Amino acid sequence: MLLKRIIPCLDVAGGRVVKGTHFRQLRDQGDPVSMARTYSEQGADELVFLDIEAAPQQRSTLLDIVERTARQVFIPFTVGGGIREVDEIRVLLRAGADKVSIQTAAVQRQELITEGARLYGSQCIVVAIDAKQVTESDWRVYTHGGREATDLDAIGWAREAERRGAGEILLTSIDADGTQAGYDLALTQAVANAVQIPVIASGGAGHPRDLAAVLTEGRADAALAASIFHEGAFPIPDTKRYLREHGIPVR
Amino acid sequence: MIALVDYGAGNLRSVQNALDTLGAQSVIASTPDGLMHADAIIFPGVGAAAPAMAALRARGLDRALRDAIRQGRPFLGICLGLQLLFDSSAEDGATCLGIFQGTVDRLATREKLPHIGWNTLERVANHPVLAGLEREAMYFVHSYVGVPRDRQLVAAETTHGVTFVSAIAAGSMIAVQFHPERSGAAGMKLLNNFVQYARVQPPTLTLPRKGRGI
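From first to last, the protein sequence lines are chains L and V.
Just so we're aligned, residue 1499 is where the first sequence starts under the numbering used here, counting upward by one.
Just so we're aligned, residue 13 is where the second sequence starts under the numbering used here, counting upward by one.
Chain V on its own, in the form it takes in the complex (with noise of 0.2 Å):
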């Protein structure tokens, strides 16, 4: 069973919709209680940093993801999902999950933002999630990226005037900036990965980081 993690403000039903479709199982999670008994997490979220980690708190569902990601559990951030995993975020300044180091700053382009639309993933890492998309086109909308600290984090990269890290993989959990659900096929592709990889994946501890003891 794959937990949609529901902090009041994601659009959950489209990514619940596309796992429908797949054939895999999910439920809602609002709750730690919810987190603690999935096989594997999924973390979409869209909106702004500060109100979401707000919502996050407020259920303890910020400890429940913290602990989900360190003992390994297959985990899928998506969007604003990959953003809060660090350690703060230029978007309001915000504090976020601190699971990673490193920072969300603004896209520092010339190009138009919000960044939507349809771009590449270009030097796709070998991951299984990722499997068959290298060059692929997914939707992305979004203003801020994140800049992990630890280069060996990155997963995936797309070019919008400027370079940034659309993927992070660690262990078990990777997180991506686009939406695989609303990218089509491609999209579809990336989610049944993940939901393949989270049936036949022994949990793998994500590397610990230094100074948080996780």
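Just chain L, with the same shape it has in the complex (with noise of 0.2 Å):
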């Protein structure tokens, strides 16, 4: 039987893991490679890398991280953040990501999903939507870090990156994120009902029970969080304890 996935995922900003709400008040919260090692021993079953600062000439540390972590770490992970063209998903798959995930870029030239899924396979290809309630059930996409409000619904935009070639959806809820008072449930059962590949979940997860929410109720496939590993609130461990005691399978 196929396990929920539970999902580390690193903020990289400057080399190193950061973690701030709407990328303020950045806090620094360690080394990336040792953090993605430490995660991976613990028992993650995937880790998630997102360069929130994207900016191209950040790329080669970027890049350093993703080589580094290849060669200590078995277990996989998405990179993301500021990728535009198919050469920069080539470069990060050739330095050892599994896969890249793409937001913005993917919003703005629909053909970018398309294209990587072509040359590299839809498994690698990961489409982030950031979306924001507009309506009881109608969700809007945001794109360059949840700032600007784009026309798409968050449910077609799921279909239509399927349809194109995405492997997975990366759903971040922009109204949840950083609340830590639980993922937009609404939301991923929406998305996770419309469309046949998996969706990871992300933003608000505040404790364990909100990772057993979004992977029940929510009709998840995976849950993504930060700051209840990183500060230490909720180890892996811990948390998988809790989804297991609580009748959801997991690794």
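Keep in mind that the hints were calculated from the coordinates and are not lab data.
Here the structure is a predicted model, which is why all the values come from computation and not from measurement.
Take every hint as true, because none was put in to throw you off.
Quick list of in silico lysine to any residue cross-link-like pairs, SDA-like style, CA-CA up to 20 Å:
no. : chain 1 : residue 1 : chain 2 : residue 2
1   : V       : K201      : L       : Q1540
2   : V       : K124      : L       : I1746
3   : V       : K124      : L       : Q1687
4   : V       : K124      : L       : P1747
5   : V       : K124      : L       : Q1621
6   : V       : K124      : L       : V1693
7   : V       : K201      : L       : Q1570
8   : V       : K124      : L       : R1661
9   : V       : K124      : L       : M1499
10  : L       : K1630     : L       : L1683
11  : V       : K201      : L       : E1539
12  : L       : K1630     : L       : A1679
13  : V       : K124      : L       : L1501
14  : V       : K124      : L       : E1658
Could you use the hints to bring the two separately framed chains together as a complex?
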């Protein structure tokens, strides 16, 4: 039986893992490669590195992190943040990333999904969607780190991303992100029901019960979180034990 | 020395990194010559069947792989490296290596596809490379599965809505649908089992299949 995945997210800036709410109050959390190794040893199922600066001049730093991680960590990891061209996808995959996550550029030029999937396979193209609630059952897609609204509705865009060859959707609720008050279950469920590909829920985790809720009621295939792991409140083994005790199949 | 088969598409780096960590020497082989001189072969693969087969043929690696498996060189296929061993794939109708009778079909499940994530090995055969891995979770990324005609080949099964073949083995050849190089400690154990197996295993002839004369 396919197990539910628990994915720590490492926001990277200046070669360090940082954490802040919506790009403010960035706090240093540690060295990305040693954190990746620790999480892997603790039983993380996968890792996501997000380059939150997404500045081209920082790319060599990110590539160095990817290469060093690939030499030491033997679980899948995804790299995202400011990827605009298929050539950037190629470079990251060659450096050792298993998947790339594309967001703003995928909205602006939807062929990027198609091209990436055709060249490297759907399995390595994760389309990240940042969504903000408009009405009870309507969520708008935002780009540029949640700063710019688009005309796209999240459910329709998820379907289109799937049609174009995305292998997974990484879905973040802008409303829930940073609150630690739980994932947006309605949003996650709506998107998970709309597509056949796996949905990774993100934004709002504050307690293992939040992960349990989004993996059951929210119908997510995987739950991504940052602070609850980084700050040690609920280390991965404790979180997984909680999930197991609540009948959720995890590794 | 273990040769990693390079046909220009597979992600060899992660397999090589894992072998480095295990202290096993490996070399990337993109020519038949490179395979000829190896003690053991790992055939990793991602992507679609048809372009992979075209790339293998262009480099003469299709024949070299058939020869190596026939001679009983210890062999580990990974993911597409399992699927390509069969006759043909429903994924773009590709003709594959035809080393074993069978097809590659889209997983007939009502669950989500691609099948991405960790899933467990069931009914694991008594095989040195799979030792200690019964019930262990491995990382899968695929939509297609190998369907061997000969059930004797089946070395492990996994369930995703339906039960499918997650490993096959015959003679010195083993192939797995999951990615041991991405499967954490359990995957490293499998790779280490293979490294040890390749060290001690004298070539064991893979049973000939009917009609092909291998």
